[in-house]
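S.K.: Taken in order, the sequence shown gives residues 0 to 198; the numbers are from numbering that gives the first Met the number 0.
Hints were generated in silico from the structure; no laboratory data involved. These numbers come from a predicted model, not from an experiment. Glycine included, every Cβ here is placed at the ideal spot set by N, Cα and C. Just so you know, not all the hints are guaranteed correct.
[Said to hold, decoys possible] When the alpha-carbon atoms are kept at most 25 angstroms apart in a straight line, the in silico SDA-like pairs for lysine to any residue are as follows:
#, residue 1, residue 2
1, 46, 22
2, 10, 82
3, 15, 69
4, 7, 25
5, 94, 42
6, 94, 147
7, 154, 168
8, 65, 42
9, 21, 106
10, 65, 114
11, 192, 105
[Said to hold, decoys possible] Derived DEER-like restraints, expressed as beta-carbon distance ranges:
#, residue 1, residue 2, range
12, 72, 11, 24 to 30 angstroms
13, 107, 177, 37 to 43 angstroms
14, 45, 87, 51 to 57 angstroms
15, 176, 151, 24 to 30 angstroms
16, 46, 132, 25 to 31 angstroms
17, 65, 137, 33 to 39 angstroms
18, 5, 85, 43 to 49 angstroms
19, 4, 29, 19 to 25 angstroms
20, 154, 65, 15 to 21 angstroms
21, 11, 129, 32 to 38 angstroms
22, 184, 132, 19 to 25 angstroms
23, 136, 8, 42 to 48 angstroms
24, 68, 189, 46 to 52 angstroms
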Amino acid sequence: MRVDASIKNAKLQLLKGMWIAKFGFEKSIQELMEAYFRFSDAVGDEKNYFGANSFLEIGSNNMRLKNQADAASYLSQAVQIFEHLFGEDHPLIQKYYNYSADVFSYSEDHDSMLSMAYQNLDVVERNNVSSDGTPSIFILDALLQALSMLCQANKDSSRQAEINALLSRMETICAENGIIDGCQLLHAAYTMKSMTLLR
Numbered sequence: 000m001r002v003d004a005s006i007k008n009a010k011l012q013l014l015k016g017m018w019i020a021k022f023g024f025e026k027s028i029q030e031l032m033e034a035y036f037r038f039s040d041a042v043g044d045e046k047n048y049f050g051a052n053s054f055l056e057i058g059s060n061n062m063r064l065k066n067q068a069d070a071a072s073y074l075s076q077a078v079q080i081f082e083h084l085f086g087e088d089h090p091l092i093q094k095y096y097n098y099s100a101d102v103f104s105y106s107e108d109h110d111s112m113l114s115m116a117y118q119n120l121d122v123v124e125r126n127n128v129s130s131d132g133t134p135s136i137f138i139l140d141a142l143l144q145a146l147s148m149l150c151q152a153n154k155d156s157s158r159q160a161e162i163n164a165l166l167s168r169m170e171t172i173c174a175e176n177g178i179i180d181g182c183q184l185l186h187a188a189y190t191m192k193s194m195t196l197l198r
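Can you make the complete structure from the sequences, with help from the hints?
M.R.: As structure tokens, then:
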């Protein structure tokens, strides 16, 4: 019962830290660190699910404060804990790769952003294999995210080949599933590529 009460208090501290972000990111980071330590004390292990969520929020707050090095450190630690808990193939890990990629997209750390986006895509592909071998349409969202972030990072057109490769994969999946004419995700991908070429 004492452990349950400690975990409950730590959860409340996590919610407090997230709520306080509305009024100040520095104060939020302090409260979230307190939540992380409470979770570690309650479960007796630093590598725990709620503690990792605390790190995710700390990373997000640091990115908003333009502390990119700190943000990258906390996000990386959070993802490492999730990988430790779930393994790299678990569908749930996709959520955290996706979230981290989105947070990094607000920075100039394009390598970390693309690393998270590609890891997200890899997990989605491994967990969406059709029984007949046809590429699953459920991969399209992750492909579009990776394509969007490639376009963002393509400042000097050095990533144009990667953009073309991902777009080609989207076209293949849409064609093999008979949706190439009406797929809004594919049309969005064409628009992104066109905007990149116009820069």
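S.K.: For every hint, state whether the structure bears it out.
M.R.: Here's how the hints hold up against the structure:
no.	hint	in the structure
1	46 with 22	violated (29 angstroms)
2	10 with 82	holds (21 angstroms)
3	15 with 69	holds (21 angstroms)
4	7 with 25	holds (24 angstroms)
5	94 with 42	holds (23 angstroms)
6	94 with 147	holds (17 angstroms)
7	154 with 168	holds (22 angstroms)
8	65 with 42	violated (32 angstroms)
9	21 with 106	holds (20 angstroms)
10	65 with 114	holds (20 angstroms)
11	192 with 105	holds (20 angstroms)
12	72 with 11: 24 to 30 angstroms	holds (26 angstroms)
13	107 with 177: 37 to 43 angstroms	holds (41 angstroms)
14	45 with 87: 51 to 57 angstroms	violated (20 angstroms)
15	176 with 151: 24 to 30 angstroms	holds (27 angstroms)
16	46 with 132: 25 to 31 angstroms	violated (37 angstroms)
17	65 with 137: 33 to 39 angstroms	holds (35 angstroms)
18	5 with 85: 43 to 49 angstroms	violated (23 angstroms)
19	4 with 29: 19 to 25 angstroms	holds (23 angstroms)
20	154 with 65: 15 to 21 angstroms	holds (19 angstroms)
21	11 with 129: 32 to 38 angstroms	violated (44 angstroms)
22	184 with 132: 19 to 25 angstroms	holds (21 angstroms)
23	136 with 8: 42 to 48 angstroms	holds (44 angstroms)
24	68 with 189: 46 to 52 angstroms	violated (36 angstroms)
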